[in-house]
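> Could you put the whole structure together from the sequences, leaning on the hints where they help?
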Amino acid sequence: MIDALTVALGVTALLLAAWCGFAAYRDQPTKDWHFIGMAVVALLAMVQLVIGVVRLAGGADPRQGVAIFVAYLIGSAFAVPIAAFMSLTERTRWGSATVSAAAVVLAVLEVRLYDIWGGVGG
Amino acid sequence: MTGDSAGGETAKRAAGNPHPESTARTGLGQGPGRLLVMLYGVFTVAAASRSVYQLIAQYQEAPLAYILSAVSAAVYAFITVSLVRGGEGARKAAFVCCALELLGVLTVGTWTLADPSAFPDQTVWSDYGMGYLFIPVFLPVTGLMWLRRSRRG
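These protein sequences, in sequence, are chains G and Y.
Going by full-length UniProt numbering, the first sequence wraps up at 122, each residue one higher than the last.
Going by full-length UniProt numbering, the second sequence wraps up at 153, each residue one higher than the last.
A hint or two may mislead.
[As the list claims (entries may be wrong)] So, partial list: chain G residues that the calculated Cβ filter (under 10 Å) puts toward chain Y:
1) Ile2
2) Ala4
3) Leu5
4) Met46
5) Asp61
6) Gly65
7) Ala77
8) Pro81
9) Ile82
10) Arg93
11) Ala97
12) Thr98
13) Ala101
14) Gly118
[Claimed, not checked] Okay, derived cross-link-like pairs now, SDA-like style, lysine to any residue, Cα gap no bigger than 20 Å in a straight line:
15) Lys31(G) <-> Pro32(Y)
16) Lys92(Y) <-> Ala77(Y)
17) Lys31(G) <-> Ala77(Y)
18) Lys92(Y) <-> Gly27(Y)
19) Lys31(G) <-> Leu15(G)
20) Lys31(G) <-> Val7(G)
Since the hints were made in silico from the structure, they are not lab data.
Even for Gly, the Cβ is constructed at its ideal location relative to N, Cα and C.
Okay, structure coming up:
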């Protein structure tokens, strides 16, 4: 994997988690700006999915297996979009909390992806 | 908090609704329940994909661990569906499953610490869910509290 992208995704996911967590703390639902933030993170995750699949097609071999790698790629691509839809229909602080939790999950997935790909030098 | 206004809102809707059951049906997956649905969804996917992969690819290595993973996936899936579906029946069923889940985490957690040789590989519930930030322990407790609070009548 491109390490920089994985790191960028992990960091932006945590930022999104903090931002939406703050909104939940202030008893606010997710606003337009939050959705733009979600879109940015989701877009990065989609790019990662595409690059990951292209690298696999090019003969790359993740250390812990192709199946697990693809499963985590798909999971990380869908985590934030699904949470975004859930917060669209939950216009309270709990919608914000949901997005925040999903973003933390995404950050964890990125750490695992890094391991699965084989640590450094991918 | 919006507890009072939410209660008033529900009462208003119930008053104008010939089928009070249908208002109750929407309650479980809303508010704090929305967060629970998300977390249970994540754990359903995590436990299910993990157990499917392991049961297919490496069943011989740690059959007990993989079967327990599959069981936990089924429990998580059932609770997720119940929360989304709502209604008193689903609430009761989810309550039982959350209790079962808590029992499972505590049993498997203790079991993995007492007899590690029975578990050559990890499950979602190993060491009280340490590999999953201990969320598997907190989730059923939070779930039980939420289901208790959203009881009607």
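> Each hint should be assessed against the structure and marked as holding or not.
Structure-based check of all given hints:
1. Ile2: Result: violated, 24 Å to nearest chain Y Cβ.
2. Ala4: With Cβ-Cβ at 26 Å, over 10 Å, it is violated.
3. Leu5: The hint is violated - Leu5(G) has no Cβ within 10 Å of chain Y, the shortest such distance being about 22 Å.
4. Met46: Because about 18 Å separates Met46(G) from the closest Cβ in chain Y, which is outside the 10 Å limit, the hint is violated.
5. Asp61: Status violated, d = 16 Å.
6. Gly65: 8 Å, holds
7. Ala77: 13 Å, violated
8. Pro81: 12 Å, violated
9. Ile82: For Ile82(G), the interface hint holds, since the closest Cβ of chain Y sits about 8 Å away, which is under 10 Å.
10. Arg93: 8 Å, holds
11. Ala97: With a closest approach of 5 Å, the Ala97(G) hint holds.
12. Thr98: The hint holds - Thr98(G) has a Cβ within 10 Å of chain Y, the shortest such distance being about 5 Å.
13. Ala101: 6 Å, holds
14. Gly118: 18 Å, violated
15. Lys31(G) <-> Pro32(Y): With a Cα-Cα distance of about 18 Å, the restraint between Lys31(G) and Pro32(Y) holds, given a limit of 20 Å.
16. Lys92(Y) <-> Ala77(Y): It holds: about 15 Å lies between the C-alpha atoms, which stays within 20 Å.
17. Lys31(G) <-> Ala77(Y): Between Lys31(G) and Ala77(Y) the Cα gap is close to 30 Å, so the pair fails against 20 Å, i.e. violated.
18. Lys92(Y) <-> Gly27(Y): 13 Å, holds
19. Lys31(G) <-> Leu15(G): 16 Å, holds
20. Lys31(G) <-> Val7(G): The given pair, whose Cα atoms are some 26 Å apart, is violated under the 20 Å limit.
Of the numbered hints given earlier, the model fails hints 1, 2, 3, 4, 5, 7, 8, 14, 17 and 20; all others are met.
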